[in-house]
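Q: Residue numbers (this note's numbering), protein chains in the order written: chain A, 1090 to 1590; chain B, 14 to 253.
Source of the hints: derived by calculation from the structure; they are not laboratory data. Heads up, some of the hints might be wrong.
As the list claims (entries may be wrong) - Computed cross-link-like contacts, SDA-like style, restricted to lysine to any residue with a CA-CA straight-line distance of at most 20 Å:
1) B:Lys-135 to A:His-1295
2) A:Lys-1319 to B:Gln-54
3) A:Lys-1179 to B:Tyr-250
4) A:Lys-1319 to A:Phe-1298
5) A:Lys-1226 to A:Asn-1463
6) A:Lys-1157 to A:Ile-1177
7) A:Lys-1319 to B:Tyr-250
8) A:Lys-1319 to B:Glu-29
9) A:Lys-1172 to B:Thr-134
10) A:Lys-1319 to B:Gln-136
11) B:Lys-135 to A:Thr-1318
12) A:Lys-1319 to B:Arg-32
13) A:Lys-1179 to B:Gln-248
14) B:Lys-135 to A:Gly-1361
15) B:Lys-183 to A:Glu-1360
16) A:Lys-1319 to B:Glu-76
17) B:Lys-135 to A:Val-1349
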Amino acid sequence: MAIDYIFPTYEVVRDPNRCTVCRICETQCSHQVHRYDAGSGQMLCDEARCVDCLRCVSFCPTHALKIKKNDCAFRQNANWSQKSIEEIYKQASSSGVLLSSMGNPQAYPVYWDKILINASQVTNPSIDPLREPMETKVFLGKKPSSIQRNPDGSLCTSLAPQLTLSMPVLFSAMSYGSISYPAHASLARAAQVMGTYYNTGEGGLHEDFYGYGENTIVQVASGRFGVHTKYLNAGAAIEVKMGQGAKPGIGGHLPGMKIVGDVAKTRMVPEGSDAISPAPHHDIYSIEDLRQLVFSLKEATQYQKPIIVKVAAVHNIAAIASGIARSGADIIAIDGFRGGTGAAPTRIRDNVGIPIELALAAVDQRLRDEGIRNRVSIIAGGSIRSSADVIKAVALGADACCIATAALLAMGCHLCRTCQSGSCSWGIATQRPELTARLDPQIGAQRLVSLLTAWQHEIKEFMGGMGINSIEALCGNRAMLRGIGLTQKELDILGILHAGE
Amino acid sequence: MLQIQANTLDYRALNEKIRSAREDCLITDCLGQRFIADGLQDHTVTIEGTPGNALGAYLDGAEITVRGNAQDAVGDTMNDGRIIICGNVGDAVGYAMRGGEIYIKGNAGYRAGVHMKAYETKQPILVIGGRVGSFAGEYQAGGTILVLGLHTDGKPISGFFPCTGMHGGKMIFRGDVSGIVFPQQTTSHKLTAADMPELRPLITRFCALFGYRAEPLLADTYTVITPDSSNPYHQLYVAN
Chain A
1090 MAIDYIFPTY EVVRDPNRCT VCRICETQCS HQVHRYDAGS GQMLCDEARC VDCLRCVSFC
1150 PTHALKIKKN DCAFRQNANW SQKSIEEIYK QASSSGVLLS SMGNPQAYPV YWDKILINAS
1210 QVTNPSIDPL REPMETKVFL GKKPSSIQRN PDGSLCTSLA PQLTLSMPVL FSAMSYGSIS
1270 YPAHASLARA AQVMGTYYNT GEGGLHEDFY GYGENTIVQV ASGRFGVHTK YLNAGAAIEV
1330 KMGQGAKPGI GGHLPGMKIV GDVAKTRMVP EGSDAISPAP HHDIYSIEDL RQLVFSLKEA
1390 TQYQKPIIVK VAAVHNIAAI ASGIARSGAD IIAIDGFRGG TGAAPTRIRD NVGIPIELAL
1450 AAVDQRLRDE GIRNRVSIIA GGSIRSSADV IKAVALGADA CCIATAALLA MGCHLCRTCQ
1510 SGSCSWGIAT QRPELTARLD PQIGAQRLVS LLTAWQHEIK EFMGGMGINS IEALCGNRAM
1570 LRGIGLTQKE LDILGILHAG E
Chain B
14 MLQIQANTLD YRALNEKIRS AREDCLITDC LGQRFIADGL QDHTVTIEGT PGNALGAYLD
74 GAEITVRGNA QDAVGDTMND GRIIICGNVG DAVGYAMRGG EIYIKGNAGY RAGVHMKAYE
134 TKQPILVIGG RVGSFAGEYQ AGGTILVLGL HTDGKPISGF FPCTGMHGGK MIFRGDVSGI
194 VFPQQTTSHK LTAADMPELR PLITRFCALF GYRAEPLLAD TYTVITPDSS NPYHQLYVAN
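Looking at chain B on its own, in the form it has when it is part of the complex:
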């Protein structure tokens, strides 16, 4: 394990050290450096402190753990690998995600999981322990977003306008979402036994990562949001 003290390094120098390391890295005193581990394909990076924006963008197989909060654009256009945040994240987490997994213990900001997409074996997963801000899952084309609502500040589990433009994949909320307005091109149904095999590993892994007990969460009720047709945003055009 290579320990890198980051408080005197700019992001370019820090990334060069991470890339040239032929082993797992522990970054200490991270002071908001951006672009950490962008495009990284192997090894594990653990971060103490607070990483800056665009952590793990285009991640391609490496695993990142942040022992605290992260900022905006975590896992932007991520292709493979894992990001674990033991705190909250900012806006635009998992933008255009196309593979891999992101587990967040706390809350996410606006625009979580926008334009997530999937194809055959590439099935991205975004699990958020707390609540999401407005515009979550906008333009979702594939993959799974799971929001557990374990936050305790009394705010609603989702902000405004979730799932606008959704044309693939699914978004799952724990508990009652009757107070939330979803677009008319989506449908919602209560989680059934048939959905459980897909949900179980996500909850089990979340609990193992962040020290929760899985049984009460597995027994809870969930609402699944999906697009209501294969082509819900087929705009009516006339050839001219």
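Just chain A, same shape as in the assembly:
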């Protein structure tokens, strides 16, 4: 119907001088954009289906293709953008809830880009990372509040269980079901090679990956998919998912179309039926109930595994974190409002939650003020895009950062934000076998290792430049940061001075 027509977002531009009609674009596109027309001997395209995943552009042997934003335009309007108008059209014709993938793309402030890092000069010389060892290893877990000694005076060295990371970065939770089997294989292998961890997400743990258990964090979410004692004992730590940055406060809904084969078996949901995760855990209605769940997990695994509680960054996150620190949890993972997702309602993703930079600073400060900072380690996530973001996060108080979108990008994602369609042309956010075959876990793992290795080198350079030789000396070290273009209130919440001060 004409009233429903939304003009295509993208234009597929094909250079006729370069195109050899090899038809590779047709085989590579998973959205049926390109087709060969036998009559004219030319390639045609249905640009309405194009999602700008850039698969065809990357694979065209003569680089004949480019994807442009369609310049068909509504009348200029600073208030009613093209997106706002089209979203009304979509809802008026379908009565549906708008569903999007990946993290909040709206133009909210990115505080990482308004924070600057110190370097040493003259009075406190920098350290040369080429000459001197830089320690990037971190331990996540409960730390004691005081030194304990044995009766003979020797140091008591028994600690609560810790996770050991070679550098302050680990992989965030992405469920098997939202991403493919080879994507999980890549993450598991890379975590093992780098000496860090990946997270099963709430889809359970495929039996093929139990061998990577020492580098696996197993998640217990409200649906308790795949949760049994072998699962709990298989991982190095257990994460209780209370919320996620992309969709704070609401539950999850994996469409029936993605519940096939091994996904259905691992989640114990009938094939084709939607897998629903309720909004709260219906057995955790208070902080006391959370403490009860944390200790039931500790008892079931005999206190061998640190327990992580993952929350979305929301209002009063500092008070929430204080409660979690007192619940017996060993690690708090905070997920900022930019966090990614396979699918979430657009409105929730774009309007609910707060930035991780502010949440992290508030939590770290509150726990220090209350004298309980040692009870938990803090993991920060929700858009960590580079080693600079990692350094700033550590300086604001994080013990480690977790990455998901960055990891997917390393594996070939082009952030087209169409994961919810289940037709990811890069073989990552799909269960279709002909597409998942496109992701070779050996290459995926290698690229993840390369990314983290590069970041580790950059982190060492930053540290040397600041005159710090151990990442733990940077944790919560706000004096290493300065703000730029921030209001006094923002500077106060971040706990940093303005550049020049």
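Fit chain B to the supplied structure of chain A, relying on the hints for placement.
A: Frame of chain A, contents of chain B only:
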């Protein structure tokens, strides 16, 4: 049989004794210790007294019998094994249960059997002799919940809002449930002869455990609640 007197033990010490026992255990003077037998895979544990919350959470093959009442979160995320309660239980019994059996002689509180799930041979069973509180069977994705309504205090067999979000499995009530409002995404039908082979062993076992006669219960009428499609909560989304 190892006898453990629990009245001076905290839950951690009590659980260590249970785990290290290479034989069945009898716990006496249980005074509300939580987390008893969590994740336990083998042996039998019998409890006299009152266990605390989260009894048998993540149970993975062991059998627990309580000669009295239990509290909240009995059999939470249970995978295998059996829990027998010769009394009442509190809230959230069998939350996210994925296998095994729970038999309760008396009543259950709120949120019984929430998000129970099943797959092929893993078919969890929750049998409640008395009544259930509100929100029973919420988000049920599989398995069977049987409520017999043998309580004698005159209260209704179910509280408010049973089976909200149900998308698999079945909930069976003995007797007349016409007074109870079920969500529109579910259907109910009177138990037929075809359903009996599934129901018979549950009733027979319940009666054997708690000293009831099976014949009158087997002859009674039952109502079976199931989701009315394979995808009843398929929310209408539009890709954005």
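Q: Output the numbers, in ascending order, of every earlier hint that fails for this structure.
A: 6, 7, 9
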